[in-house]
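Engineer: Residue numbers (our numbering), protein chains in the order written: chain A, 449 to 998; chain B, 16 to 119; chain C, 3 to 171.
Take every hint as true, because none was put in to throw you off.
Estimated spans, in silico, between C-beta atoms of each pair: (1) C/56 - A/955: 49 to 57 Å; (2) C/168 - A/942: 49 to 57 Å; (3) C/35 - A/709: 20 to 28 Å; (4) B/50 - C/138: 30 to 38 Å.
With the Cβ distance kept under 10 Å, some of the chain A side facing chain C (calculated, not the full set): (5) 456; (6) 463; (7) 470; (8) 598; (9) 599; (10) 600; (11) 601; (12) 606; (13) 608; (14) 690; (15) 724; (16) 725; (17) 726.
Since the hints were derived computationally from the structure, they do not count as laboratory data.
Glycine residues also receive a C-beta, built at the ideal position from the N, C-alpha and C atoms.
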Amino acid sequence: MYVHDEFDRAFLAERVEDFRGQVARRLSGALSEEEFKPLRLMNGVYLQLHAYMLRVCIPYGTLSGTQLRALAAVARTYDRGYGHFTTRQNIQFNWIKLAELPDAMADLAKVGIHGIQTSGNCIRNTTTDPWAGAAPDEIEDPRLYAEIIRQWSTLHPEFTFLPRKFKIAITAATHDRAAIKVHDVGLRLHRKDGETGFEVIVGGGLGRSPFIGKTIRDFLPKEHLLSYLEAVLRTYNLEGRRDNIYKARIKIQVHEIGLEEFTRRVEAEWAAIRDGALRLDADAIDQVRAHFATPDFDRLEDRPAVLAAALEEPDFARWHANAVAPHKAPGHAIVTLSLKPIGGPPGDATADQMDAIADLAELYAYGEVRVAHEQNLTFPHVRQKDLPELWKKLDAIGVATPNVGLVSDIISCPGLDYCSLANTRSIPIAQAISQRFADPARAAEIGRLHLNISGCINACGHHHVGHIGILGVDKKDEEFFQIALGGKGNFKARLGELIGPAIPESEIVDAVERIVDTYLELRLSPSETFIAAVERLGPDPFKERAYAPR
Amino acid sequence: MTSPLQRKLKIAGPTVVTANRLADGAVVWLGKGGRWTDRIAEAEVATTADAALHLLDLAHADERAAVGAYPATVALSAAGVPQPATLRERIRTAGPTVTLPGAL
Amino acid sequence: MPLVKSGAVTADPFVFVADGEALPQGAVIVSAARLLSGDPALAAHAGPLGVAWPNDKDVALLAPVLPRLALVALAFPKFRDGRAFSQARLLRERHRFRGEVRATGNVLQDQVLFMARAGFDAFALEKASDAAAFREALARYSVFYQPTGDGRRTVRDLRARAQELEAAE
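Based on the provided sequences and hints, a complete structural model is requested.
Structural biologist: In structure tokens form, the structure reads like this:
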């Protein structure tokens, strides 16, 4: 796990004092709101409907118990006792006071976490696979490259006032758990002729003009990672559109000038800088790699007797089948903690839960917690023999709902209950749908189904890549919801297809249920997933039923 | 900071000016005598575009107290007390429609 | 609009001369259009010559005339429009321009360190209070994560040095 050293600590302390000064200047009137806004945003501070919101980044989703407790303390001391985990490995506090923000930031800085570049038109928190370092299908731990990118992008003097925000995601596995094709830059670490390097994908993104990213380079040797990113960013900073906020993302630049021309410009820029100071020699990579040593895993057998015995118990077996995934080390497992209790707001955790999870991580998970983009938490390293005991303790604090990857594991933006940009609410819709599918047996029968809800076209709930995607639209102050089917966020990313006119709030849950029932009737067998059935059948049969006369 | 566009304000009924308080972000309304209040019932109601523009100018002139001021249509009770007229304004006035996790 | 150079407010020896107007003696700044027009008055001008370069024009176009230039003024029409950061780096690091690179427009104290790191060495600040805070603003950070052409040592260098020292002990 990356441990902040004296340089990181000095930097964070300086950053907090810088922000403290900016807040003081704003409160005194020396800074106008127009001047202050970009500065506060770059520290993760938004002004939402009811209060300021602080977004804190969790680099590559990795937290220690100490860090999670510090987040809990901020929730308790400066907020209302809870936090909200987002789709980009961040956590948000919803009720924080501007005047108290510098103190909250100082508390977080002491444990090496912060809100730097979680908003604003800069390079955002680089996200990655929540199973990094644990997944059997990865070729290398992607977090070390995420950390290299984090350091390079932190207060980058050239790229802090970009045309628009810039998000990078990275994966090193054969399954994409980081949605790299819907990021401004997606990086896929892979092997070619015995060497590891990156496939570089540019111009993906959701929002009002969704695009799937396109490959601009099949193989980039690792040593060129930063120089190549700098070439991409420079091309974007100089030539990306600034005349229209809705056309300012790099995806529009790539779309408008064409992939070939964009690639040519990037490659030309790269040729001029590739052998400069950004080149990562083996020493530079090793310097960071040293921080990501895998824990010294106990030597254990797979499926120990205590686990086999526990699996006789149906409730444990259901949770095990749902929330536990294979680990690269024998006798270990990856455990997902569901932050989607039936009827609860997706992704929220109370300070008490955070404290308890921190304790459990230290007891059972080599001290590590991860934040996943599905708004759940993960214990990446758990001994299989501890699973039955851990399950009971997770269940006691409400994070063992066996719905991971199922219909009630809903990704949702905060919506109009909190967000100043939203058109409709999304949390109450998520709550109602999750209640409708509360029966765990029924949810398991339905199987893998990703349902995403966004309360406006900015798509923070990633509705474009939900198997079922729901988008809130406001019609004369009434909440309506559009439904799209067939979206996917993985290596085979695809945008969902709208199935018809928006449905009033009172009917949306029924419509979703009818779509799910249609799938259950039409699937070839229980092994044909919802998304596979939608791909085979097309949207029509679902559409007919969704809009069936009521 | 009134943009020329805002000079042509159209109002769709009784209107108040609302914003967020600078220090803590709390929802506030422009009340009597140009003072900010955290109770919508105390908001000054404009019934003409000119009166609403005047309120907006007052609000914008005072960026140190509250930020992001904008006009919001309100409903008036029988006694003439302003109440939020849209879902967004109802949520701003009363808070989220969902139970907060901290309160569970 | 105070001009800060070498950390202190200083008088500006340059005057901006509008297109079509005769060049006075001494240091002048002309528009990009005039500079590239081949105006013979520029060749005849004995004093220092500068150009006000817009942020949507490729600085590579300046390369042939750079040896003649004493100053390039880059523009921040809004402080959140950051194109001139890239232009400054290209001027310094690719085209090896050694004259003055001046930041003009909506220049705030919160950016001067970024600007200095990108290669700016003169700052036409919008507010007097920001000029007064300039030195402090430039010293707000001691830790830098990425190399630019400014010569500041990066964290990577410092860590490598610390490791060497540790090894030597």
